[in-house]
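S.K.: Protein chains in written order, with my numbering: chain F, 1 to 271; chain V, 272 to 764.
None of these hints come from the bench; they were simulated from the model. Keep in mind it's a predicted model, so treat the numbers as computed, not measured. Even glycine gets a Cβ: it sits at the ideal position worked out from N, Cα and C. Please note: incorrect hints may appear among the correct ones.
[To be verified] Quick list of in silico lysine-lysine cross-link-like pairs, PhoX-like style, CA-CA up to 20 Å:
{"no.": "1", "chain 1": "V", "residue 1": "K350", "chain 2": "V", "residue 2": "K400"}
{"no.": "2", "chain 1": "V", "residue 1": "K647", "chain 2": "V", "residue 2": "K475"}
{"no.": "3", "chain 1": "F", "residue 1": "K81", "chain 2": "F", "residue 2": "K67"}
{"no.": "4", "chain 1": "F", "residue 1": "K89", "chain 2": "F", "residue 2": "K67"}
{"no.": "5", "chain 1": "V", "residue 1": "K400", "chain 2": "F", "residue 2": "K36"}
{"no.": "6", "chain 1": "V", "residue 1": "K400", "chain 2": "F", "residue 2": "K35"}
{"no.": "7", "chain 1": "V", "residue 1": "K406", "chain 2": "F", "residue 2": "K35"}
{"no.": "8", "chain 1": "V", "residue 1": "K475", "chain 2": "F", "residue 2": "K131"}
{"no.": "9", "chain 1": "F", "residue 1": "K67", "chain 2": "F", "residue 2": "K36"}
{"no.": "10", "chain 1": "F", "residue 1": "K203", "chain 2": "F", "residue 2": "K143"}
{"no.": "11", "chain 1": "V", "residue 1": "K350", "chain 2": "V", "residue 2": "K406"}
{"no.": "12", "chain 1": "F", "residue 1": "K35", "chain 2": "F", "residue 2": "K67"}
[Unchecked claim] Sample of chain V residues with no beta-carbon within 12 Å of chain F, all distances over it, derived:
{"no.": "13", "residue": "T409"}
{"no.": "14", "residue": "P433"}
{"no.": "15", "residue": "L472"}
{"no.": "16", "residue": "S481"}
{"no.": "17", "residue": "Y499"}
{"no.": "18", "residue": "F585"}
{"no.": "19", "residue": "R590"}
{"no.": "20", "residue": "A604"}
{"no.": "21", "residue": "E621"}
{"no.": "22", "residue": "K626"}
{"no.": "23", "residue": "Q662"}
{"no.": "24", "residue": "G735"}
[Claimed, not checked] Example chain F residues on the side facing chain V (calculated, C-beta under 7 Å, incomplete):
{"no.": "25", "residue": "M70"}
{"no.": "26", "residue": "L72"}
{"no.": "27", "residue": "L73"}
{"no.": "28", "residue": "L75"}
{"no.": "29", "residue": "V87"}
{"no.": "30", "residue": "Y96"}
{"no.": "31", "residue": "P98"}
{"no.": "32", "residue": "W105"}
{"no.": "33", "residue": "F107"}
{"no.": "34", "residue": "P108"}
{"no.": "35", "residue": "M112"}
{"no.": "36", "residue": "G121"}
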Amino acid sequence: MEHVEQTLPGGANVTHLKPSDAPLEVHDLTVAYHKKPVLWGIDLVVPPGRLVGIVGPNGAGKSTLIKAAMGLLPLSSGWVKIFGQPVEKNLVRVGYVPQRESVDWDFPVNVMDVVLMGRYGRLGLIRRPSKADREVARACLDKVKMLPYANRQISNLSGGQQQRVFLARALAQESDLYFMDEPFAGVDAATESAIVTLLQELKNKGKTLLVVHHDLTTARDYFDMLLLLNMRVVAFGPTNEVFTTDLLQKTYGGRLTILSEVAEAVSQKAT
Amino acid sequence: MKHYSPFTVRHSLFVLVFVCLSASPAHAAKIGDLVHTNVLEQAIDFFTFREPAVRFALLGSMLLGICCGLLGSFIVVRKMALVGDALSHAVLPGVALGFLWNMSKDPIAIFVGATIAGLVGTSVVTLIKQTTRLKEDTALGLVLASFFAVGICLLTMIQRLPTGNKTGIDKFLFGQAAAMGADDVRLIAIVTVLSITIIALFYKEFLLTSFDAGFAKVAGFPAQAIHYGLMLLLAFSVVIALQAVGVVLVSAMLITPAAAAYLLTDRMSRMLWLAAFFGMAAGAVGAFFSYLGPNLPTGPFMVLGATAVFVLAFLFGPRHGVVMRWWRQRSRAQRIQRENTLKSMYHVLEAREFKGDGVSLRELSERRRETIEEAKQQVGDLRSHALVTLQEEGNVAFLTPEGWQLACAIVRNHRLWELYLTNAAHIAADHVHEDAEKIEHVLGEEVVRDLERRLEYATTDPHGRRIPSLADLRRGGAGRERTEELVGYGRRS
Numbered sequence: 001m002e003h004v005e006q007t008l009p010g011g012a013n014v015t016h017l018k019p020s021d022a023p024l025e026v027h028d029l030t031v032a033y034h035k036k037p038v039l040w041g042i043d044l045v046v047p048p049g050r051l052v053g054i055v056g057p058n059g060a061g062k063s064t065l066i067k068a069a070m071g072l073l074p075l076s077s078g079w080v081k082i083f084g085q086p087v088e089k090n091l092v093r094v095g096y097v098p099q100r101e102s103v104d105w106d107f108p109v110n111v112m113d114v115v116l117m118g119r120y121g122r123l124g125l126i127r128r129p130s131k132a133d134r135e136v137a138r139a140c141l142d143k144v145k146m147l148p149y150a151n152r153q154i155s156n157l158s159g160g161q162q163q164r165v166f167l168a169r170a171l172a173q174e175s176d177l178y179f180m181d182e183p184f185a186g187v188d189a190a191t192e193s194a195i196v197t198l199l200q201e202l203k204n205k206g207k208t209l210l211v212v213h214h215d216l217t218t219a220r221d222y223f224d225m226l227l228l229l230n231m232r233v234v235a236f237g238p239t240n241e242v243f244t245t246d247l248l249q250k251t252y253g254g255r256l257t258i259l260s261e262v263a264e265a266v267s268q269k270a271t
Numbered sequence: 272m273k274h275y276s277p278f279t280v281r282h283s284l285f286v287l288v289f290v291c292l293s294a295s296p297a298h299a300a301k302i303g304d305l306v307h308t309n310v311l312e313q314a315i316d317f318f319t320f321r322e323p324a325v326r327f328a329l330l331g332s333m334l335l336g337i338c339c340g341l342l343g344s345f346i347v348v349r350k351m352a353l354v355g356d357a358l359s360h361a362v363l364p365g366v367a368l369g370f371l372w373n374m375s376k377d378p379i380a381i382f383v384g385a386t387i388a389g390l391v392g393t394s395v396v397t398l399i400k401q402t403t404r405l406k407e408d409t410a411l412g413l414v415l416a417s418f419f420a421v422g423i424c425l426l427t428m429i430q431r432l433p434t435g436n437k438t439g440i441d442k443f444l445f446g447q448a449a450a451m452g453a454d455d456v457r458l459i460a461i462v463t464v465l466s467i468t469i470i471a472l473f474y475k476e477f478l479l480t481s482f483d484a485g486f487a488k489v490a491g492f493p494a495q496a497i498h499y500g501l502m503l504l505l506a507f508s509v510v511i512a513l514q515a516v517g518v519v520l521v522s523a524m525l526i527t528p529a530a531a532a533y534l535l536t537d538r539m540s541r542m543l544w545l546a547a548f549f550g551m552a553a554g555a556v557g558a559f560f561s562y563l564g565p566n567l568p569t570g571p572f573m574v575l576g577a578t579a580v581f582v583l584a585f586l587f588g589p590r591h592g593v594v595m596r597w598w599r600q601r602s603r604a605q606r607i608q609r610e611n612t613l614k615s616m617y618h619v620l621e622a623r624e625f626k627g628d629g630v631s632l633r634e635l636s637e638r639r640r641e642t643i644e645e646a647k648q649q650v651g652d653l654r655s656h657a658l659v660t661l662q663e664e665g666n667v668a669f670l671t672p673e674g675w676q677l678a679c680a681i682v683r684n685h686r687l688w689e690l691y692l693t694n695a696a697h698i699a700a701d702h703v704h705e706d707a708e709k710i711e712h713v714l715g716e717e718v719v720r721d722l723e724r725r726l727e728y729a730t731t732d733p734h735g736r737r738i739p740s741l742a743d744l745r746r747g748g749a750g751r752e753r754t755e756e757l758v759g760y761g762r763r764s
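Just chain V, same shape as in the assembly (with noise of 0.2 Å):
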């Protein structure tokens, strides 16, 4: 997601912001003040609700969380992350109009001046968007900005009022879970049981126009009145979280619960529980930290939290994960090593016409153009996977029944293939090894079986070379019939 130039302007802000701050002490409850001896006591009493002043903080954060995630799941596979920044930047105007409507802290109040800002600010973007030809990125950038610079104009007006009590306005930047009270709680609990409700009810609705908007509209759903809905919502998840989360960063709990769920899942509506189960813990998460030490913010702690769900979600995601599809490729590439080792085993046992089972290191990194210490390693990775036994000191390596099986297989895939692409395709004989050195690896059981009925069943490829048959397959030993007395096969060293 790009949106350089509102990054450096909200910077800039910030400084300013905390330079304003920082002159004017908060008065907020502390609960950090609370004495306790080690973090074990202080988690066991956070998180069983013991602590009557931190219930509400631990209840507001886990139920936002929970809210942001579904909502937030919604905004990711619209494409909509954009939109949730902005909109979570333009409400603060709202926030601080709410405060002064009546110079005190009232839920109610900032509620209805933070919703009202913020769908004011989506409509200028709309309104941008339709009589220019700028487009909405550029739209967005310009709302984000200009209302998060009169919302902070508004603040740093605020604290400068000698009268009304001013306490906790500027928690709304950065959040603080613990300034929350019963109030508030009620407010978030009654905004996440609304979204859930709605999400539950029109679950389709929601699934079908964010697919495909075109199609639903055909169906008969009103998609615009749909997406009006949804922005609502959204609207009213920013501003409950405006005071835990705060503004910078509210954006982040709608977007990073829901972009680590989407890389765990490929189904909506499991990624919505997994969005509201990171989000809920996220919410847990970050309430505590703040609640260690005095005065700390609960917001960045929260998206660190969720931030970490994220990291380990495109690390380790079974699917899409970074280390896994790694791990996938190196398993891959091992196992293509290992079968172009024995086919050049199978290889130097044919162009002996297959006298005597063993093939010494020599042969092979001859075979292979290798050196001997290369031949070595790679013996030792078919050994370790049962497919060679080793003999004299290492230095002479014997196909195991299951060795010779796939060394047979990969040297018939080759030929076969090769067969196939001078045969049917018609390409030159002098053309096609580069391409059987690829498919070989690939080819299934299946295809194999259908590319020996279209061969006719086949015994010699275009270089003339003899296909190793199905019966040479399952014999299990090297191309003649092998007596219980040959050396090598089957046996470990």
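Looking at chain F on its own, in the form it has when it is part of the complex (with noise of 0.2 Å):
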């Protein structure tokens, strides 16, 4: 129960970049589904240029907190800074790949279709993508190696293959954050190595990635900065500082810590 007063391992790690300049700077952030909260407290500022998976149990709050960062979700109490401004002024520099099952695969457009409404954030309203975005996105496609799939209606396309797509589009919106939601949820072996080579290439390029990971196995690997969570931050740092026994049991173990008993308490008065 301790580790509720736990703050962050990592945080001598951060101490020379001034918060104002993060890629993301995250302050005492709740959020509530239904009066029960699922995300508590969180304070979180990520430094720019790192590979951050988030890890952390089932209802655990990842998804939440990416959505909650990114605006999608009301915020019960706290804020969300991108490179020092409010979500909704700096949108033009965030990234996004959603899970896949969030869409109809059934939708009727194809691939190009798909990776060029990566371009649709920065034309604007009315705007048609023009010649240049269609260059842009033809480049990104070739970079998952989906080019030849370019024209193929998006359900004729397998799980691996879906993703690419998904990482095309964010690739086309050449942002500076990306959030991505359990890129590597059900896709093959080939795509998840490639998965990985393309996170460390931009990572390489200066930009900053968090990603939603259920693979507790692949995340040391994975990953140069872990964001451990449950409800809350339990750790945040470097991988080999956080990924620890001792830190992981504080993580995954005990399904009912206080927290949640508190936060069932709460949702019972509320209702």
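Build the complex from these two chains, which are given one at a time in their own frames, with help from the hints.
M.R.: Structure representation (structure tokens):
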């Protein structure tokens, strides 16, 4: 239970950074679904050019955290800043790879249409994608080795191919901060290693990536920083400092921590 | 789409409405009364706009078909079909109130009243969804039935009023295009042009928010506002379609042309064009049929026209059509059957070490453990594809060069795959036959080349039988040098 008081072990690592420059700064963030808190008092400063894995048990609030950070969910309290600006003012610097199951793959669009959607944010209202946008989209498709599939209807793709299309769309956004929701879920081994290489490349170009990940066995190899999450930040820091038996136990062990008991009580009272 | 409970409610209401309305004959402009000798003449008069009385009806019906088809496409891909249904029923009280406003069928008053009622209806759905644990389908069913009931009560009340010009108010239930006037058509034209303009301008936004609303928000688009904009346009289109199609069936004009288009294409832009075209055609057909006889309702004919298109798309759509799928499956099954027969012929030839080229029906039927008749039928099928020739009164089959090639290829595929499974996947040799039986028919040329490379051009399969080589395939005859004197090959009987 004492991990409730625990703060960022990796905090020392980021002190050299002025918070205002940080790609992502989250302050005292609380998010609730039907009045039941799912995330509680999250503080987070993510330095630039890092590949960050978000790990934690089911229901720990991993997806909720990135959705809240992008302004997709109402916040009960706290605030989020992207490169020192409120989220809604800096969305053009944010790229997003949602969970694959979040869309209908029978939708009447082809692969190229979906990747072009990555350019829409830069275009704003009404303006249509130009030839240059198409070129960018083709280059991004090529990057994930999906260019031969450009004219395929999206329902004729395998799970791994669908994920590559989503990645290509995110690449087409040409953002500086990426949020990815389980990009490795249900993909084949070849796609998984291709995605990892791609994420490393993006990081080396100075992009910041936050990736929700559910596989602890690979988390250590894939990411240079880890965020251990279970309703609140259990630990955040360089992988080799954070990936310890002790901290993982605190993240995953004991489903009914005092926090979730209290959350239960709060929701009982509210209804 | 399941909505059983509102359905039964609706049906019982129909009966009531019919009883109420049939008691009071309507006085709509009856173009159907115009005397004509035959249908063709009527059709020519009708579709050339020569008949002044029907100009408005035809034009209005076609325009609203376009409008409904366009908006319906987005409704279908957003999985909001039931919302359209609920909305169309919810507008009925608004129609009645609009009429009561100044006791006349003023299109503007009815338009405003109906739109407001529709929007109130959808807001109530949202309210129920947010404040209770009821899910959307139940909320829609509730609103649909209750608003419709209120509307029916109001309409019945209007029917009973001694005063007031009640011309055509009952037509709002099943629709009659003939009752449309210049003002109505003007309103329809305005809404249709508005819809086309907005969809043309914001196509990108509608597409993105329909496909992936979360991503749209992160890309900075006001997904919620776009959704409400679409709902407002939807309400408008329902209201303008009311007079021609009627409350009861207007949702079908939204869904059916769009659903037919969805079955025919995999691109949103093409779906919009197709749906608009189908909607327009359905509108014209409906208006025409209702013109053929006195007092015929337009709505059902329009919906039947759209349904006919849907049925055609359902059956004959090139990619998703049921008949086409069945046809593709059938031809694949036939191809596999042919390939299996060829393979058996190869086995027969192989068993006697390729001495003699003819395979008798008896040998084949024994090999395949089938009757002579079945073998005869299969060989006949091969012959019609020029894979074998028949001799000795059709009792002996000879492979043509094409037949020989195909037979070798299938046997090769089979044996290569068996070898691959035992060598690379380490599956026991007696486990691989069943799998190879299926795989042999689907291996492409490139995969076969790859298999050969991986197997280092092996020549025998796990059971010790020879794998037909590329040279065998090219030779175009049985496994020894072929000379022109040999009988059978390449010769048609």
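S.K.: If a hint holds in the structure, say so; if it doesn't, say that too.
M.R.: Quick rundown of the hints versus the structure:
1. Between the alpha carbons of K350 (chain V) and K400 (chain V) the distance comes to roughly 17 Å, so the proposed pair stays at or under 20 Å and holds.
2. Proximity of K647 (chain V) to K475 (chain V) is assessed by CA-CA distance (about 60 Å); at most 20 Å being required, the pair is judged violated.
3. For the hint linking K81 (chain F) to K67 (chain F), the alpha-carbon distance of about 13 Å falls within 20 Å, and the restraint holds.
4. With a C-alpha separation of about 16 Å, the suggested pair K89 (chain F) and K67 (chain F) falls inside the 20 Å cut-off, and the hint holds.
5. Distance hint between K400 (chain V) and K36 (chain F) is fulfilled; the C-alpha atoms sit about 18 Å from each other, no more than 20 Å.
6. For the hint pairing K400 (chain V) with K35 (chain F), the CA-to-CA distance comes to about 16 Å; that is within 20 Å, so the pair holds.
7. Only pairs whose Cα atoms come within 20 Å are accepted, and K406 (chain V) paired with K35 (chain F) is accepted, the gap being roughly 19 Å.
8. Between K475 (chain V) and K131 (chain F) the CA atoms are separated by roughly 15 Å; this keeps the pair inside 20 Å, and the hint holds.
9. Taking the CA atoms of K67 (chain F) and K36 (chain F), the gap is near 17 Å; set against the 20 Å cutoff, the hint holds.
10. As the CA atoms of K203 (chain F) and K143 (chain F) are separated by approximately 15 Å, the hinted pair is consistent with the 20 Å bound.
11. In summary, the hint linking K350 (chain V) to K406 (chain V) is supported, as the alpha carbons are separated by about 15 Å, within the 20 Å threshold.
12. For the suggested pair K35 (chain F) and K67 (chain F), the alpha carbons sit about 17 Å apart, so the restraint of at most 20 Å is met.
13. No beta-carbon of chain F comes within 12 Å of the beta-carbon of T409 (chain V); the shortest separation is about 18 Å.
14. In this structure P433 (chain V) is separated from chain F by more than 12 Å, as the shortest Cβ-Cβ distance comes to about 53 Å.
15. Distance check on L472 (chain V): its Cβ comes as close as 6 Å (rounded) to a Cβ of chain F, failing to clear the 12 Å threshold; non-interface status is violated.
16. Chain F draws S481 (chain V) into its interface by the beta-carbon criterion, the shortest separation being 7 Å against a cut-off of 12 Å.
17. Even its closest Cβ contact with chain F, about 16 Å, leaves Y499 (chain V) beyond 12 Å, as expected for a residue assigned away from the interface.
18. Distance check on F585 (chain V): its Cβ is at least 16 Å (rounded) from any Cβ of chain F, clearing the 12 Å threshold; non-interface status holds.
19. A beta-carbon of chain F comes within 12 Å of the beta-carbon of R590 (chain V); the shortest separation is about 9 Å.
20. Consistency note on A604 (chain V): stated as away from chain F, and its beta-carbon is indeed over 12 Å from all of that chain's, at 22 Å minimum.
21. A cut-off of 12 Å between C-beta atoms confirms that E621 (chain V) is not in contact with chain F; the least separation is 39 Å.
22. The claim that K626 (chain V) lies off the interface holds: its Cβ sits roughly 49 Å from the closest Cβ of chain F, which is beyond the 12 Å cut-off.
23. Q662 (chain V), annotated as away from the interface, keeps every beta carbon of chain F farther than 12 Å; the closest lies near 47 Å.
24. Against chain F, the non-interface label of G735 (chain V) holds: every CB pair exceeds 12 Å, the least being about 35 Å.
25. Given the 7 Å rule on beta carbons, the hint for M70 (chain F) holds: about 5 Å separates it from the nearest Cβ of chain V.
26. With a least beta-carbon distance of about 6 Å to chain V, the hint placing L72 (chain F) at the interface is held under the 7 Å criterion.
27. Interface hint status for L73 (chain F): violated, as the beta-carbon distance to the closest one in chain V is roughly 10 Å, over 7 Å.
28. At a threshold of 7 Å, the smallest CB-CB gap from L75 (chain F) to chain V is about 14 Å, leaving the interface hint violated.
29. With its C-beta approaching chain V no nearer than about 9 Å, V87 (chain F) sits outside the 7 Å limit, and its interface hint is violated.
30. For Y96 (chain F), the shortest C-beta to C-beta distance to chain V is roughly 4 Å, which falls under 7 Å, so the interface hint holds.
31. Satisfaction of the interface hint for P98 (chain F) is found here, the shortest Cβ-Cβ separation to chain V being roughly 5 Å, below the 7 Å cut-off.
32. A least Cβ separation of about 10 Å between W105 (chain F) and chain V goes past the 7 Å threshold, and the interface hint is therefore violated.
33. Interface restraint check: F107 (chain F) against chain V, minimum CB-CB distance 5 Å, threshold 7 Å, status holds.
34. For the restraint placing P108 (chain F) at the interface with chain V, the shortest Cβ-Cβ distance is roughly 5 Å, inside the 7 Å limit, so the hint holds.
35. For M112 (chain F), the suggested interface contact is broken, since its CB lies about 10 Å from the closest CB of chain V, more than 7 Å.
36. Taking 7 Å as the C-beta contact cut-off toward chain V, the hint placing G121 (chain F) at the interface holds, the least distance being around 3 Å.
In summary, the structure is inconsistent with hints 2, 15, 16, 19, 27, 28, 29, 32, 35 from the numbered list given earlier, while agreeing with the others.
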